[in-house]
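Protein chains in written order, with our numbering: chain G, 1 to 260; chain W, 1 to 435.
Hints are supplied without guarantee of correctness; some may be wrong.
Unchecked claim - Stretches of chain W that chain G covers, calculated by requiring three or more beta carbons in the stretch to come under 8 angstroms of a beta carbon on chain G:
| # | segment |
| --- | --- |
| 1 | 277 to 284 |
| 2 | 289 to 297 |
What the hints assert, rightly or not - Far from chain G by the CB rule (all over 10 angstroms, computed), these chain W residues:
| # | residue |
| --- | --- |
| 3 | 164 |
| 4 | 260 |
| 5 | 384 |
Unchecked claim - Going by beta-carbon spacing under 10 angstroms, a handful of chain W positions derived as facing chain G:
| # | residue |
| --- | --- |
| 6 | 249 |
| 7 | 251 |
| 8 | 252 |
| 9 | 253 |
| 10 | 256 |
| 11 | 259 |
| 12 | 263 |
| 13 | 265 |
| 14 | 267 |
| 15 | 271 |
| 16 | 326 |
Derived by calculation from the structure, the hints in this document are not laboratory data.
All of these numbers come straight from a predicted model, not from anything done at the bench.
Positions of the beta carbon are idealized from the N, C-alpha and C atoms, including for glycine.
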Amino acid sequence: MNAFLSILRGFPRYLWTGWGAVASILLFVALWELGHQRYGDLVLPAPLETLQRVGQMLSSQGIREDLLITLKRAIWGFLICVGIGSVLGLAAGLFVTASVMSRPIVSVLMGMPPIAWIVLAMIWFGMGDLTVVFTVVVASLPIVFVGALQGTRTLEGHLKEMAQSFRTPLPMMFTDLYLPHVFSYLFPAWISALGMSWKIVVMAELLSTSDGLGAALAVARTQLDTTGALALVVMLVGSLLLIEYLLMEPIKREVEQWRE
Amino acid sequence: MPDAIRPVSHAPIQAQRPASGASHAASCRRSGAKHDDAYPRVQVPRLLAYAFRPIFILLPAYMALSILLWGLFWAGYLPLPYLHNPLGWHIYEQMFGVASAGIIAFILTVMPEQYSGVKPVVGLTLLGIVALWVLGRLAFWLMDPLGAGVVALIHLPLLIWVLALVAKPILQDPLRRNLGLLACVVAIVIIQAWYFASIMGWAQTDFMSILRVALGAFMVLVLLALRRINTGAINEWLEEQDIDDTFLARPPRYNIAILCVLLFTLAEFLMPRNPILGWLGLATAAAILNTLNDFFIDEANILLRSYVLPLFLILVLMAAGYALMGFDYLHDGIYGINHFRHFLTTGVFGLSFLMVMVIIGTLHTGRRLVTNRWVDACVVLVIAATLLRGAIPFSPAAARWLYLGSALAWTLAFVIYLWRFYPWLSGPRADGLPG
């Protein structure tokens, strides 16, 4: 509760630090405008036109539904991979044997291209939600697993010994020693997995479903609607940035305060 | 004399220079009191005892008077038939005429503080510099009989002379603390020469484009100067308030803002009216707002305090100016870029010069930065002048009253400054130190 209140108190100041990022993004948009003027509408539509299209799309019922479907799939896939990956990674980190055994499997999973998973999932589960969510889970899982594994494996022994010599109660050991350390590894892994989920969900939808933003992107491609395609990309990236910087990053800063 | 600002309590007010002692040593460590050892051992009139003294008396008077004259000319009461392009000359004089004095006073006052051994410019040399500046102003208003060539010959050597006086310690500084500032003033002199070359037909560039480039260079100069002023003045103020924290103007934030201002200026010169300026304007505004993060310190909320809020608002006005211009470039329905540019001129220039004159006029006359309601009133008037001037595109029917209101608020601000600070600027230092 205290951590939550602390995040809320520091939120306005945190938001203000975002101006630097806004400046960088706007400089990038200026570069995009230059590209548009150089190569024309078909290759690169104007940023303002694209943003106006985003506004139009968000006011249309169909795209709003597609956006919700995509967000639902991405969030489900992300939550499942976070749940399974964190538990398995933490468990593997507690036992050296499990840690040694799991490493090659993780390497195999990380080396497998997501597109191959999509093809396999389409064969196994057909066209639909399950294929997309499965692909998101299987592609993001190794990132979370490795983060959790490293977090557990790198717990400092002498800190543990010191806590034990002071007869620190187990709940305090957990909240003040284990959790902050493991979290500092786990949370960046979750953020990477979130980014991965967003990318995979669109790719999976583009190939295996008839709804969601990925499917809308496929339609824009067939109609050579570059503005529409870019508007969809802007919506996706925008939603990811909002979740990452308005939700995940403040929590990360709060839980990593002990490092300073 | 402003009664809310009290003289230094631990150093007795005296006309003579204290020879030694703890209070003297303590005062020497403060801002505005580090030049003592290098101060020339000569008797000079009080008004020529330091560069800021004559200039900060003449500058606010000229800032008030020139805008009043300009307002009368614009309203048709004062004929100035010689000005073929009155708007261009108005912009030129408000930038180069006003800013040159501000730059000279700032540089010549700050250099002896930053570099030990650098002698403050006093006496006849200072009189020569001030006389050249005054001659430059007279020449501007008498341009018709004199001709642009003569005016250029009077205007151009002024900053070059001052640069020659301060360049050596800056170039020899191994920390390169003021190299950016020096480069920026050199660029401003080159732009000034370019402007005159354009007026006299020696350069093909449109002089309005050159003036826009000049404004960009001045904004960079303001950012570079603010980085130093904010750090010095706010830390001085924090110490006065017994707040155990340090204000840091972080260079990377200012560097991003400067880069954005330069990109906007370059794009406006090379691609006028291009929509790319819209995004660059918004990026510049965001980068300037990013510098405001420095003001959020852990130990206390300093934002709403006297002396801190105006320094904060200079950057807010600069961000507002670039944001509104950016918005205008992207939005077909608004035609107010030159009105919005007044956020940078009336707002940023006005408030920066006011605050530089207030801070230097207080610290360098041996006093402390304490809340002063007259300074607050001046700040409010400059901001009001800016908002009235910037509101013209939104209310064109009231344009005449908005112009007038803006000019009056601006004039009043600098008249109040002169009235309250003249006794300090013309009198001895409160701590008895020379200068």
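Problem - Consistency of the no-contact label for residue 164/W, given chain G and a CB cut of 10 angstroms - result: holds, 37 angstroms
Exercise for the section: Would you settle whether the hint for residue 259/W is holds or violated, based on the nearest Cβ-Cβ distance to chain G being less than 10 angstroms? Expected result: holds, 9 angstroms
Problem - Distance rule for residue 384/W, whose beta carbon must clear each one in chain G by more than 10 angstroms - result: holds, 26 angstroms
Exercise for the section: Verify the coverage statement for the segment 289 to 297 of chain W against chain G, using a C-beta to C-beta distance below 8 angstroms and requiring 3 or more qualifying residues. Expected result: Contact hint for the segment 289 to 297 of chain W vs chain G: holds, 5 residues under 8 angstroms.
Exercise for the section: Classify the hint on residue 271/W as holds or violated, based on whether any CB of chain G lies nearer than 10 angstroms to its CB. Expected result: Since chain G brings a Cβ to about 9 angstroms from residue 271/W, closer than 10 angstroms, the hint holds.
Problem - Evaluation of the interface hint that places residue 256/W against chain G, nearest CB under 10 angstroms - result: holds, 6 angstroms
Exercise for the section: Examine the segment 277 to 284 of chain W: at least three residues should have C-beta closer than 8 angstroms to a C-beta of chain G. Expected result: This one holds; 6 residues, not fewer than the three required, reach chain G with a Cβ under 8 angstroms.
Handout entry: Given as non-interface: residue 260/W, which should sit over 10 angstroms from chain G by C-beta
Key = violated, 6 angstroms
Practice task
So, residue 249/W near chain G? Judge it on the closest CB pair being under 10 angstroms.
Solution key: Since chain G brings no Cβ nearer than about 14 angstroms to residue 249/W, farther than 10 angstroms, the hint is violated.
Exercise for the section: Answer holds if the nearest beta-carbon of chain G is closer than 10 angstroms to that of residue 251/W; otherwise answer violated. Expected result: violated, 13 angstroms
Handout entry: Closest C-beta approach of residue 265/W to chain G relative to 10 angstroms, hint status
Key = violated, 13 angstroms
Exercise for the section: With a cut-off of 10 angstroms on the beta carbons, see whether residue 252/W makes it to chain G. Expected result: holds, 9 angstroms
Consistency note: the structure conflicts with the earlier hints numbered 4, 6, 7 and 13.
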